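Undergrad: Can you make the complete structure from the sequences, with help from the hints?
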Amino acid sequence: MNTILSWIYWALLSAAFAALTGIFGKIGIRGVDSDLATL
Numbered sequence: 005m006n007t008i009l010s011w012i013y014w015a016l017l018s019a020a021f022a023a024l025t026g027i028f029g030k031i032g033i034r035g036v037d038s039d040l041a042t043l
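For the sequence shown, my numbering begins at 5 and goes up steadily by one.
Watch out, some of these pointers could steer you wrong.
As the list claims (entries may be wrong) - SDA-like mimics (lysine to any residue), calculated; alpha carbons at most 25 Å apart, straight line:
id, residue 1, residue 2
1, Lys30, Ala19
2, Lys30, Ala20
3, Lys30, Leu17
4, Lys30, Leu40
5, Lys30, Leu16
6, Lys30, Thr42
7, Lys30, Ala41
8, Lys30, Ser10
9, Lys30, Ser18
10, Lys30, Ala15
Derived by calculation from the structure, the hints in this document are not laboratory data.
Treat the numbers as computed from the prediction; the structure is a model and nothing was measured.
TA: Shown next, in the form of structure tokens:
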């Protein structure tokens with residue numbers, strides 16, 4: 005049972021960091037022309 009809880013913990017932590025990456029990415033390209041941002 006401990007292995008399952010550890011797996012769930014790391015999966016949730018990974019999902020949280022993936023969400024933060026998306027948020028910080030949007031903040032980082034704010035004000036950048038859309039043509040330049042999608043090159």
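Undergrad: Broken hints, numbered, in rising order?
TA: 8
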